[in-house]
Amino acid sequence: MGLLAIIICGGAALACALLVILSRNTVHSALWMVGNCLALAVLFLLLNSQFIAILQVIVYAGAIMMFIIYAIMMLNLREAGEDEFRKSLLSGRFIVLFLFMICLLALGLGLSPMALKGEMGPHSLAKFGEVNLIANYIFVQGIAAFELVSVMLTAAVVGAVFLARRD
Amino acid sequence: MNDYQSVYLALSVILFSIGALGVILRKDAIVVFLCIEIMLGAVNLAFVVFSRANQSAEGLFMVMCIMAVAGAEAAIGLAIFVLLYRKTGTINIDKFNLLKW
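Note that the protein sequences, when read in sequence, are chains E and D.
Each residue of the first sequence is one higher than the one before, starting from 1 at the first, in the working numbering.
Each residue of the second sequence is one higher than the one before, starting from 1001 at the first, in the working numbering.
Just to be clear, a hint being listed does not mean it is correct.
Some but not every residue of chain E turned toward chain D, in silico, with C-beta under 7 Å [said to hold, decoys possible]:
1. T26
2. M33
3. L99
4. M101
With beta-carbon atoms standing in for the labels, derived distance ranges [claimed, not checked]:
5. E:A15 x D:Q1055: 16 to 22 Å
6. E:V157 x D:L1098: 40 to 46 Å
7. E:M152 x D:K1095: 40 to 46 Å
8. D:F1096 x E:G110: 37 to 43 Å
9. D:S1006 x E:F139: 18 to 24 Å
Worth flagging that the hints you see were computed from the coordinates, not collected in a lab.
Beta carbons: idealized from backbone N, C-alpha and C, even for Gly.
Please build the complete structure, drawing on both the sequences and the hints.
Here's what the structure looks like:
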């Protein structure tokens, strides 16, 4: 049952990621990316981390993807020259990347037999992703990093406004 | 304890590779940007898997930081794309060979 859910959502995520790469229209790529984000959110739910799943939907599928689609519509792109993309699928770069992918897959499968640490059991696993545990970590141990993240976001927005202004 | 960690990790690796493939092969800057987002999502999945295996919230905090970095990157990157489009009329990354006009 659990494996079936993982395979369905993972297959959806992989199919959406492939369609992001393969579709010719940039807007279609962005919309398939929204599908990829939603499938990843379901995978996070299957991993007992509800808060991260909600953040994934709100931040990625809601804010960032809307921002990207808005930028695509501002840029008024003409589709041109994607034919060499199909040709370059058979080039040497792709073969090198394929070997890299095989090595990464071997690495992922080799890392996998990591046992669950801490108190195991369905109850503690279900409690793992609760927002009070994450909030306790953020505001006790990670408070400096959290504040630095807010500074980084402010700097990014100010920098974006500075870059895109008309002079 | 049926947790399919190897399935999740393999999924994460394949998603990361698809993102890397798109970054290398595509020429459209926005699609390259979307592929970077795919890679960040794959890394988030691996972080959540290992954080769950260790029963600690540190990985989840890293995931939140990665999401914040992705948001900042979207703001800066799209501003740069708008600027490049205004200067050159295209966002094909093969056309960009200068750092400063």
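Here is what the structure says about each hint:
With 7 Å as the threshold, the beta carbon of T26 of chain E comes within range of chain D, its nearest partner Cβ sitting at about 5 Å, so the hint holds. Because the closest C-beta pair between M33 of chain E and chain D is about 5 Å apart, less than 7 Å, the hint holds. Given the 7 Å rule on beta carbons, the hint for L99 of chain E is violated: about 11 Å separates it from the nearest Cβ of chain D. Hint on M101 of chain E holds. Least Cβ distance to chain D is approximately 4 Å, under the 7 Å limit.
The hint said 16 to 22 Å for the Cβ distance between A15 of chain E and Q1055 of chain D, and at roughly 32 Å that hint is violated. In this structure the supplied range 40 to 46 Å is violated for V157 of chain E paired with L1098 of chain D, their Cβ-Cβ distance being about 26 Å. Restraint check, M152 of chain E to K1095 of chain D: a C-beta distance of roughly 30 Å breaks the suggested window 40 to 46 Å. The hint said 37 to 43 Å for the Cβ distance between F1096 of chain D and G110 of chain E, and at roughly 39 Å that hint holds.
In this structure, S1006 of chain D and F139 of chain E break the distance hint of 18 to 24 Å, their C-beta atoms being roughly 34 Å apart.
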